[in-house]
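A.B. asks: One letter stands for each residue in the lines below.
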Amino acid sequence: MEKLKRFLEELLPSAVALVIGLLVGGILMYAYGYDALAAYKALFLGSFGSLYDFSETLSFAIPVMLTGITFAIGVRAGLFNIGAEGQLYMGAIGAVIAGALVQLPPLIHVAFATLVAMLFGMAWSIGPALLKVKRGVHEVISTIMFNWIAFYFVMYLAQYHLAEPGRAEKTYSVLETARYSILVEGTSLTSVLFVAIAFNIAVYMFLALTKMGFELRVYGTNPDAARYAGISDKKVMLVSFLIGGLAAGLAGGSQILGRPPTWALYGTMGNVMNLGFDGIGVALIGRNHPLGIIVASIFIGALKHGGRYMEYQVGVYSELVEAITGLIIIALAVPEIVEMVKRWRVRRRVKI
Amino acid sequence: MTLLLGRRGFFKWLAVAASLAIVLLSIKRFGLSPTSILEASLLAMTPLALAAMGESINERAGLVNIGLEGIFLITAALGVWFAEVTGNGWIGLLAGTVIGGLIGLIFGILSVYGKADQIILGIGINMFAIGFVPFFMMAEWAFPGIHIPPREVLITPIYTPFIKISHITILTIILAFALHYLLHKTPLGLRIKAAGEMPEALDVAGVSVEKTRILGAVISGALTGLGGAFMPLAWFGGIVKEISAGRGFIALAVLVSAGLEPLLALGFAFLFGFAEGLAFSVAVDPYIKEIVPYHLVLMIPYIITLVTVAIFVGKARFPKAIGQPYRRE
Chain A
1 MEKLKRFLEE LLPSAVALVI GLLVGGILMY AYGYDALAAY KALFLGSFGS
51 LYDFSETLSF AIPVMLTGIT FAIGVRAGLF NIGAEGQLYM GAIGAVIAGA
101 LVQLPPLIHV AFATLVAMLF GMAWSIGPAL LKVKRGVHEV ISTIMFNWIA
151 FYFVMYLAQY HLAEPGRAEK TYSVLETARY SILVEGTSLT SVLFVAIAFN
201 IAVYMFLALT KMGFELRVYG TNPDAARYAG ISDKKVMLVS FLIGGLAAGL
251 AGGSQILGRP PTWALYGTMG NVMNLGFDGI GVALIGRNHP LGIIVASIFI
301 GALKHGGRYM EYQVGVYSEL VEAITGLIII ALAVPEIVEM VKRWRVRRRV
351 KI
Chain B
1 MTLLLGRRGF FKWLAVAASL AIVLLSIKRF GLSPTSILEA SLLAMTPLAL
51 AAMGESINER AGLVNIGLEG IFLITAALGV WFAEVTGNGW IGLLAGTVIG
101 GLIGLIFGIL SVYGKADQII LGIGINMFAI GFVPFFMMAE WAFPGIHIPP
151 REVLITPIYT PFIKISHITI LTIILAFALH YLLHKTPLGL RIKAAGEMPE
201 ALDVAGVSVE KTRILGAVIS GALTGLGGAF MPLAWFGGIV KEISAGRGFI
251 ALAVLVSAGL EPLLALGFAF LFGFAEGLAF SVAVDPYIKE IVPYHLVLMI
301 PYIITLVTVA IFVGKARFPK AIGQPYRRE
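Protein chains in written order, with my numbering: chain A, 1 to 352; chain B, 1 to 329.
FYI, nobody ran anything at the bench for these hints, they're computed from the structure. As the structure is a computational prediction, the values presented were derived from the model and not from experiment. Just so you know, even glycine gets a beta-carbon here, dropped at the ideal spot from N, CA and C. Careful: at least some of the hints might be erroneous.
[What the hints assert, rightly or not] Ranges of calculated distance between the beta carbons of each label pair, as one might list FRET restraints:
{"hint": "1", "chain 1": "A", "residue 1": "Pro335", "chain 2": "B", "residue 2": "Phe177", "range": "13 to 23 Å"}
{"hint": "2", "chain 1": "B", "residue 1": "Glu242", "chain 2": "A", "residue 2": "Phe44", "range": "24 to 34 Å"}
{"hint": "3", "chain 1": "A", "residue 1": "Ala168", "chain 2": "B", "residue 2": "Glu152", "range": "34 to 44 Å"}
{"hint": "4", "chain 1": "B", "residue 1": "Thr86", "chain 2": "A", "residue 2": "Asn271", "range": "38 to 48 Å"}
{"hint": "5", "chain 1": "B", "residue 1": "Pro293", "chain 2": "A", "residue 2": "Tyr30", "range": "38 to 48 Å"}
{"hint": "6", "chain 1": "B", "residue 1": "Arg317", "chain 2": "A", "residue 2": "Pro105", "range": "55 to 65 Å"}
{"hint": "7", "chain 1": "B", "residue 1": "Gly238", "chain 2": "A", "residue 2": "Tyr228", "range": "50 to 60 Å"}
{"hint": "8", "chain 1": "B", "residue 1": "Thr35", "chain 2": "A", "residue 2": "Lys134", "range": "31 to 41 Å"}
[As the list claims (entries may be wrong)] Residues from chain A that face chain B, not an exhaustive set, calculated with beta carbons under 7 Å:
{"hint": "9", "residue": "Arg135"}
{"hint": "10", "residue": "Val137"}
{"hint": "11", "residue": "Trp148"}
{"hint": "12", "residue": "Ile149"}
{"hint": "13", "residue": "Tyr160"}
{"hint": "14", "residue": "Leu320"}
{"hint": "15", "residue": "Gly326"}
{"hint": "16", "residue": "Ala333"}
Pulled out of the complex, with its shape left as it was, chain A reads as follows:
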């Protein structure tokens, strides 16, 4: 009972923030003349209303549960790694190269392309990691610059070197052998879901069970104590960046190898854009915990998929869900908001 109560306490900030985000989002809709209640109803039905919709919601959850790990493992090590976006682009283009240009037997090909995607993502995280460790450049600045460089670089590759002849708007689709199998017929949910969940669990085990994971957590909570205990801060930062890069690379790969019907990257990057930044919201709502992140990713996945239905039904432009995520992050940043709710609950209890 005591344990359950503590667990609920832990969830309280996220719950309060979700309510605030949805509330302010509703006010915004109302202010621009939309029916906010109808919109939220459409959002909910559109994300959980049927097996098809729930599958799509899960499909949207896959990349953000991974980019959530990128941000979370940064925070756990005391870093604000917001480079998932660029690392995800690199992972996506890596998957296109390995999946479309290389020929391998079925299962091996999928595994190979996935690995290449992860390594591409990791490679892109080395730059900010070294700048941080060697020169003390703040990761917020360096990762954003790397994001933009990746944006133009990957776009260049997609449009100039990997574009499908006759269909210039997208790259080559990956070969049949490099595709994850579809789980629910007619939806875009594929078995890459299991790879993503397995990755989250692996990160959880890494943090909870290994010496390196322990050092990382200690450094994140108290850098001075960690240095005193002989923990190398450079190693911690590097490991955090590299794991984050693997996660983001996998997220990018999942959009190419595990997302019908295109199995390719759009030249405009439309099918991967913002997935890295969405991970930040996922990580914060999931309290930077790999298992919490899985739950939070389903919430954000629901917003993203349901948002399309909302746009179709009520006419609210679906990008609003990004704004709602932003509001949730803002609410989560302010601990006093939760304190206020707690005080209010105590006061009410006293009154009764």
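Position chain B relative to chain A; hints supplied.
C.D. replies: This is chain B only, laid out in the frame that chain A set:
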């Protein structure tokens, strides 16, 4: 001057001078017009300098707002809206400034009284802007992601005999000196610096740390907002939903490279603006376009930002209490 001419500093500036010389030579080689590149650089400099200078006051007072990118985006969109509704670009610029100041105020209050994690708060502001701006553009102009306001509301630059230059660029240069004076020669500047270095002392002296920091946040937001509205109204002549393109973060890089000095920030903003101005001029040049795809040219400003920060960041010294909420003992 020791800051500029220390032994290692000398080599750094030598490197900067050498790369500028290379760039100038290649400009001549490719037959680009130096005037048009200077004009493009000054335009690109303006929003960077405004945001970096404003944020220098904010960070000196002890708050870090990485939501500059979001403020750029929101004030760009709302600036255009106000300009169109009133039919006057100047009101658009003013609206951008006021709205930016308001966002700064909210940021300040949440940071100071709400004891917010300022980095997360900044991320939240950016994220909100990424969603709000396309939503707003769709709701107001019923077209996704791009809007061109009528020509009448755009602000025309001043035509001098040599170059054309925007009023706001001139204002920015004046502001750089004014903020330098404010920070280093006035009692208010002393208070701002104290709020970041030793808030306890300021508190004991009977000055509110909270209000000083919020003032810093408002100045930062307002100048960033002016820069945001400047982009569509006095530079691009229209708005796309990614109009800020990372400039909020480049402004942070400017600020870090300049060691939180407003006047140096102007210099670095010009350097970064030059990189961007050059990239723009090169990217549209038909002769160069054939050899180098424009995607690769557009990467240049970000690469130069990284290199510059990596070279100059060692010099930066941050206020002791930066980023931490002030708690009275």
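A.B. asks: Are the hints correct? Go through all of them and say.
C.D. replies: Cross-check of the supplied hints:
no.: 1; hint: A:Pro335 - B:Phe177: 13 to 23 Å; in the structure: violated (40 Å)
no.: 2; hint: B:Glu242 - A:Phe44: 24 to 34 Å; in the structure: holds (30 Å)
no.: 3; hint: A:Ala168 - B:Glu152: 34 to 44 Å; in the structure: holds (38 Å)
no.: 4; hint: B:Thr86 - A:Asn271: 38 to 48 Å; in the structure: holds (39 Å)
no.: 5; hint: B:Pro293 - A:Tyr30: 38 to 48 Å; in the structure: holds (46 Å)
no.: 6; hint: B:Arg317 - A:Pro105: 55 to 65 Å; in the structure: holds (58 Å)
no.: 7; hint: B:Gly238 - A:Tyr228: 50 to 60 Å; in the structure: holds (56 Å)
no.: 8; hint: B:Thr35 - A:Lys134: 31 to 41 Å; in the structure: holds (40 Å)
no.: 9; hint: Arg135; in the structure: holds (5 Å)
no.: 10; hint: Val137; in the structure: holds (5 Å)
no.: 11; hint: Trp148; in the structure: holds (5 Å)
no.: 12; hint: Ile149; in the structure: holds (5 Å)
no.: 13; hint: Tyr160; in the structure: holds (6 Å)
no.: 14; hint: Leu320; in the structure: holds (4 Å)
no.: 15; hint: Gly326; in the structure: holds (3 Å)
no.: 16; hint: Ala333; in the structure: holds (4 Å)
Of the numbered hints stated above, the single one contradicted by the structure is hint 1.
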